[in-house]
Amino acid sequence: MTVLYPNRKRSNFNHVNEDKSKIGNTYSNRGMSLEDDLNLTNLYYLSNGIANIHKKPTPIQIVKVDYPKRSAAVIREAYFKQPSTTDYNGIYKEKYIDFEAKETNNKSSFPLQNFHSHQIKHMQSVIKHGGIAFVILKFSMYNEIYFLKASDILAFWDRQENGGKKSISKAEVEQVGILIKTSYPDFVPYLKCIDELYQL
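For the sequence shown, the residue numbers in the numbering used here are 11 to 210.
For the record, the hints were derived by calculation from the structure and aren't laboratory data. Computed from a predicted structure; not experimentally measured. Take the hints with a grain of salt, since some may be wrong.
Derived PhoX-like pairs (lysine-lysine); straight-line CA-CA distance at most 20 Å [stated by the list, open to error]:
{"hint": "1", "residue 1": "Lys105", "residue 2": "Lys65"}
{"hint": "2", "residue 1": "Lys117", "residue 2": "Lys176"}
{"hint": "3", "residue 1": "Lys65", "residue 2": "Lys103"}
{"hint": "4", "residue 1": "Lys191", "residue 2": "Lys112"}
{"hint": "5", "residue 1": "Lys117", "residue 2": "Lys175"}
{"hint": "6", "residue 1": "Lys105", "residue 2": "Lys138"}
Please build the complete structure, drawing on both the sequences and the hints.
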């Protein structure tokens, strides 16, 4: 299905299969995206009463629909009604959790252009109101996943806004972030980072 952003740019819109029966088999497939792994992680957290965290739905406007069968409809074209904020939110140990998931094939840095100003403002607002905001960043070439506090992302963003570097080097990510060791059954156990950093 073709989905268009408010600026009419195209995007692939795919739903992740969250069938519990497939969790054990899926982990062996390391070709999965970070989003897939996080969806399985959150399903594990929810199923075991650990946390209630979900991927945020983005409202779409349907433009074109085909009806190959009388009982079925296929959406052929749609666009996002509004820009998204961050990818995930929910509750963990009575705290509001809000985070963005990013993935890069770059070996040495993460371009800040992958963030949008409205996402930065959203994370600032979450922090202001006492929530926990962060970014989970994957360097795909190394299969490494890092937990970065939103406050660190905001500092790098401010540096860029003041004429500094337009990217975060991998060395900087390693310095301020926490390397998340993937595992089974919780896949990307990012809540351990929250426990460590925020003493929950």
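*Which earlier hints turn out false for this structure, listed by number in ascending order?*
none
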